[in-house]
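There are 2 protein chains.
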Amino acid sequence: MADKFSTAPPRGMRDILPDEVELRDVATERILAVYRGYGFRRIETPALESLTLLAGSDSGENEKLIYKVLKRGEDLDAALRSGSRELADLGLRFDLTVPLARYYAENHARLPDPLKAIQIGPVWRAERPQKGRYRQFTQCDIDVLGTASAVVEVELILATCEALRAAFDLADLTVRINDRRILTLIAGACGFAGRDQGRFFITFDKLDKIGAAGVLAELREAGHEAAAIARFEGLLPDLQKGEPTPESLRASLGAGAGEAAAAFGWLTAIIQAATGQLPAGARVRFDPTLVRGMGYYTGTIFEIVAADFPSSIAGGGRYDRMIGRLLGREVPACGFSIGFERLVALLGERRGAGPVAASPPVAQAPRIALLVDGGADLTAALAAARALRAEGNLVSLELRRKNLGKQLDDFAVHGVRGYATVQDGRAVVKPLAGPRERR
Amino acid sequence: MADKFSTAPPRGMRDILPDEVELRDVATERILAVYRGYGFRRIETPALESLTLLAGSDSGENEKLIYKVLKRGEDLDAALRSGSRELADLGLRFDLTVPLARYYAENHARLPDPLKAIQIGPVWRAERPQKGRYRQFTQCDIDVLGTASAVVEVELILATCEALRAAFDLADLTVRINDRRILTLIAGACGFAGRDQGRFFITFDKLDKIGAAGVLAELREAGHEAAAIARFEGLLPDLQKGEPTPESLRASLGAGAGEAAAAFGWLTAIIQAATGQLPAGARVRFDPTLVRGMGYYTGTIFEIVAADFPSSIAGGGRYDRMIGRLLGREVPACGFSIGFERLVALLGERRGAGPVAASPPVAQAPRIALLVDGGADLTAALAAARALRAEGNLVSLELRRKNLGKQLDDFAVHGVRGYATVQDGRAVVKPLAGPRERR
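Sequences listed follow chains A and B, in order. Residue numbers for the first sequence follow my numbering, so the first one is 1 and each next one is one higher. Residue numbers for the second sequence follow my numbering, so the first one is 440 and each next one is one higher.
Check the hints yourself; a few may be wrong.
Stated by the list, open to error - Computed list of chain B residues with no C-beta within reach of chain A, every gap over 12 angstroms:
{"hint": "1", "residue": "M452"}
{"hint": "2", "residue": "R524"}
{"hint": "3", "residue": "G560"}
{"hint": "4", "residue": "A652"}
{"hint": "5", "residue": "I668"}
{"hint": "6", "residue": "R670"}
{"hint": "7", "residue": "G844"}
As the list claims (entries may be wrong) - Below 20 angstroms or equal to it, Euclidean Cα-Cα: the simulated DMTMM-like pairs (lysine to aspartate or glutamate) are:
{"hint": "8", "chain 1": "A", "residue 1": "K71", "chain 2": "B", "residue 2": "E566"}
{"hint": "9", "chain 1": "A", "residue 1": "K241", "chain 2": "A", "residue 2": "D205"}
{"hint": "10", "chain 1": "B", "residue 1": "K503", "chain 2": "A", "residue 2": "D75"}
{"hint": "11", "chain 1": "A", "residue 1": "K71", "chain 2": "B", "residue 2": "E500"}
{"hint": "12", "chain 1": "A", "residue 1": "K430", "chain 2": "A", "residue 2": "E391"}
{"hint": "13", "chain 1": "B", "residue 1": "K570", "chain 2": "B", "residue 2": "D454"}
{"hint": "14", "chain 1": "A", "residue 1": "K71", "chain 2": "B", "residue 2": "D848"}
{"hint": "15", "chain 1": "B", "residue 1": "K510", "chain 2": "A", "residue 2": "E63"}
{"hint": "16", "chain 1": "A", "residue 1": "K71", "chain 2": "B", "residue 2": "D516"}
{"hint": "17", "chain 1": "A", "residue 1": "K430", "chain 2": "A", "residue 2": "E349"}
{"hint": "18", "chain 1": "A", "residue 1": "K206", "chain 2": "A", "residue 2": "D172"}
Treat the hints as calculated values from the structure; they're not laboratory data. Please read these numbers as outputs of a predicted model, since none were measured by experiment. Glycine included, each C-beta is placed from N, C-alpha and C at the ideal position.
Full structure from sequences and hints, please.
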C-alpha cells in the first residue's frame with residue numbers, strides 16, 4: 001500500500017497528538033463541569049443526517065459545504081442507472097443546531113421540558129482549507145429548548161462566561177448583546193423596506209471590519225434608497241458612541257408600543273440580572289450594531305469578546321421558529337456556542353505547546369516510566385507499578401534500552417516526569433528534568 | 440419542512456437521551472482513568488479517511504460496509520462527465536485500527552516510542568440494521584505500537600480487566616488467550632496445506648457455535664483432505680478438554696524448534712505474569728480453539744468472557760505487520776478493544792434505565808430544580824443558585840408552572856433529586872421522591 005498513497009490525513013483534516021488531546025480533554029471537562037452545574041445535560045446525535053434535513057435548514061453558506069454520503073446498494077444502482085444526479089442521501093452535519101432541532105422534534109416526549117442540552121462534538125465543512133481552520137472541527141454548544149423567558153438568556157450568559165474562565169482562564173470578557181427585533185426596528189425606522197432588510201443587515205454586520213464609511217458606501221452601491229441611507233447615517237452615532245442603553249436607543253428611535261419596543265425592556269432586564277451575577281472582569285454591554293450571520297435568529301443575539309483577542313470567542317441567540325418547522329408547533333429556543341477550536345489553540349500557544357510540548361500542558365497526575373529488562377524482573381515490576389499507581393501516578397512499564405540517556409531524554413520530551421527502577425521489590429523514582437533544562 | 444421527511448435519525452442510527460449519555464460518560468471516564476494509570480494516552484484521528492486506505496486495509500467484510508463520501512466540486516464534475524464509477528474519494532472509518540496505523544506512519548517522529556494509545560470514538564458501518572447493532576457505534580481501544588515484548592500483552596490484559604471492573608463492575612472474567620503461530624502449527628500438524636489454512640481457521644472459529652461435530656462436517660463439506668480432518672479430529676480432545684496448557688499442547692503436537700514452538704513459551708510467560716497480578720475473580724486461560732476473525736493478526740490473540748454474559752466483551756491481538764505496509768519498516772503492534780456498546784447496554788439494563796430512567800443511572804452530584812417566577816425574584820434566585828452550586832449541587836433554574844404537582848413529577852422522572860424555592864434570599868431545598876415512589 002505504501003507506494004499508492006500518502007499517510008497524511010485527508011486534505012483539510014488533521015491528526016491530534018497526545019499532548020493536544022490532553023489539552024482538549026481538560027478544557028472539555030472544565031466546560032462540562034460548569035455547564036452541568038447550571039443543570040445542562042449532554043445529548044448526542046449521529047454524525048450523519050438526511051440531506052433533506054441539512055439542505056433545507058436555512059443555514060446559508062454552510063449548506064454549500066456539506067460532505068455528502070453516496071447512496072448504497074440498490075439505491076445507488078438505481079440512481080446510476082437512471083442517470084440521476086441524486087447520488088447521495090446522507091450528509092455529515094455542519095453544525096450542532098440543525099441536528100438538535102431534529103432531535104427535539106423526534107424525542108421531545110421523552111425529554112425534560114425545558115431541555116437544557118450540552119453538545120460537544122465534531123462537525124464537518126468542505127471549506128477551502130486555510131490556516132487554523134479545518135474541515136473537521138469541534139463545536140461546543142448549550143441550548144435551552146422550551147422556555148420563552150429571559151431567564152434563559154441570563155443563565156446562558158452566566159454559564160458561558162464561567163466556562164470560559166474555568167477552561168481557558170479568560171476573565172476580561174465583554175458580552176455584546178442585541179435583539180433581532182431591535183435591528184428590524186432600526187431598519188424600519190430608517191425606511192428600509194422589508195424585502196431589503198436582509199441585505200441591509202448583511203452590510204450592517206460589516207461595521208466592525210469596514211467602518212461606518214465603508215458600510216454607507218456599500219449600501220449606496222447596493223442601490224438602497226438614498227433617504228433610508230441618510231436616516232441610517234444620522235442614527236449611526238447613537239448606535240456606536242457613548243455606550244447606548246436599550247432605553248437610550250428607544251428614545252432615539254422614538255419607538256412606540258408593540259413587539260419591537262418590548263425588546264428594549266427585555267434586554268434591559270437581561271443586562272441588569274446578568275450584571276449582578278457576573279464574575280469580576282466580565283460585563284454585558286448593549287450593542288445595537290451586533291447583527292450575527294445566521295438567518296434563523298428571532299430575538300436576543302449575543303457574542304463574547306475577550307481582551308487581547310481579535311475575534312469573538314462565543315456567540316449565540318434565540319431561534320424561536322426553527323423547531324416549529326420540524327415539529328409543527330413552535331418551541332422557543334436559545335443557545336450559546338463557544339469557539340472551542342480557537343480557544344484550545346490559544347491554550348496551546350500560551351503553554352508553548354507546539355507539535356512537541358515542552359512541558360505537560362495541564363496539571364495532571366505525574367507520568368512515570370518504570371524501567372524493566374523484559375524478563376525475570378517482570379513480576380516485581382508489575383507489583384511495583386501497581387503500588388505507584390495506588391499513590392496516584394500514571395505508570396508506564398518501559399523496556400530499558402541500551403542508550404538509557406537517549407531514552408530518558410525521549411521520556412522528558414513527551415512529558416514524563418520521573419523514571420523508576422525496581423530495587424529489592426520496590427520502585428525507586430528519580431525525577432526527570434524537562435527537555436529545556438536537559439538541553 | 441415538516442411534511443417532507445421524518446424527524447427520525449438516519450436508518451440504523453440513533454439519538455442518545457441525557458440519561459444514557461451520562462451512563463456512557465461515566466463509563467468512559469472510568470475506563471480512561473484506568474488506561475491513563477497504565478501510561479496510555481488518548482489520540483485522535485479524523486472520522487474520514489481516504490478510500491484507498493480503507494479499502495486496501497485487509498479488513499475483510501468491513502471494507503464492504505464503508506460509507507463513501509461523494510467527491511466535491513471540480514473532481515465530482517470530472518468524474519460525472521467521464522462516466523466514471525469512482526464518484527467517492529473519502530470514507531467514514533469502520534474501525535480505529537486502520538486509522539491508527541496511518542496515524543503512526545504519518546506522525547511517528549513526533550510520538551513517544553513506544554506509543555501507548557487510547558482511542559475512544561465513533562465508527563460507521565453500513566450494516567443491515569438489527570436489534571442492538573447500530574450503523575454508528577463507539578469503539579474503545581488501547582494499542583501499544585513499537586514494542587515486540589510480551590510485557591505489552593501482560594499490560595494490555597491487566598489494564599483491560601481493571602477497566603472492565605472499574606467501569607462495568609465486572610469481576611468474574613476469563614481471558615482466553617492463544618497465538619496465531621500455534622494455530623498455524625495445529626493446521627500444519629494435521630496436514631492442512633498452507634493455501635487451505637485460511638478456510639480451515641474460518642471453520643475452526645465456529646467451534647463455540649456449532650460444536651465439534653458441526654466443525655468436522657463443515658470441513659468435510661468444504662472438501663478438505665480426509666486424512667487432515669481425521670488428524671484434526673484426533674487432536675480435538677487435547678484442544679478442548681482438561682484445561683490444556685501451552686506446554687501440554689506442545690507435547691501433544693510434538694512440536695519442534697522454530698518460531699511456532701517459541702509461541703508456547705511466549706504464552707506461558709504471559710499467563711504466568713498476568714495471573715500473579717490479576718484482581719480476584721479474573722483469570723487467564725490458554726485456549727487453543729480461539730481463532731478471531733481479522734486477517735491481520737500475527738501472534739497473540741485474546742478475548743475476555745464474563746460470567747453470565749453470552750458473547751465476548753473484549754478482544755484483541757498482535758498485528759506486527761500492518762504498520763509496515765504503510766511505513767515501509769515493520770513496527771510491532773498489539774491492541775485490546777472493549778465492547779463498549781454492549782457493555783453500556785448491560786449497565787442500562789442493570790439499572791433499569793430504559794428510554795426514561797427510573798433513577799439516576801450513576802452516582803453523581805444531586806440535581807436540583809430551583810423554582811423561579813420569572814420576574815422580580817430573579818436576582819435572589821440567581822444568587823441562591825450560585826450558593827447551591829458552591830455546595831456541589833447541579834442547579835437548574837426552572838420557571839414555576841401552574842400545575843406544580845405535575846411539574847415536580849416531571850422533574851422526578853428525569854432524575855431531579857430535589858426542588859428549591861427562595862425564601863428570605865436563601866434557597867430552601869426539599870427532596871423529590873423517585874417516580875416509583877410517587878406513583
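So, going through the hints one by one against the coordinates:
1. M452: Per Cβ check, M452/B is inside 12 angstroms of chain A; nearest 4 angstroms; violated.
2. R524: The claim is violated: R524/B sits with its nearest Cβ about 8 angstroms from chain A, within 12 angstroms.
3. G560: 9 angstroms, violated
4. A652: Label holds. Min Cβ-Cβ 37 angstroms, cutoff 12 angstroms.
5. I668: Given that every Cβ of chain A is farther than 12 angstroms from that of I668/B, nearest at about 36 angstroms, it holds.
6. R670: 36 angstroms, holds
7. G844: About 15 angstroms separates G844/B from the closest Cβ of chain A, which puts it past 12 angstroms; holds.
8. K71/A - E566/B: At roughly 13 angstroms apart (the allowed maximum being 20 angstroms), E566/B and K71/A satisfy the hint.
9. K241/A - D205/A: Satisfied, since the Cα-Cα distance of roughly 17 angstroms is no more than 20 angstroms.
10. K503/B - D75/A: With Cα atoms ~16 angstroms apart, K503/B and D75/A stay inside 20 angstroms; holds.
11. K71/A - E500/B: 19 angstroms, holds
12. K430/A - E391/A: 15 angstroms, holds
13. K570/B - D454/B: 15 angstroms, holds
14. K71/A - D848/B: 45 angstroms, violated
15. K510/B - E63/A: 16 angstroms, holds
16. K71/A - D516/B: 18 angstroms, holds
17. K430/A - E349/A: 30 angstroms, violated
18. K206/A - D172/A: Answer violated: K206/A to D172/A is near 24 angstroms, above 20 angstroms.
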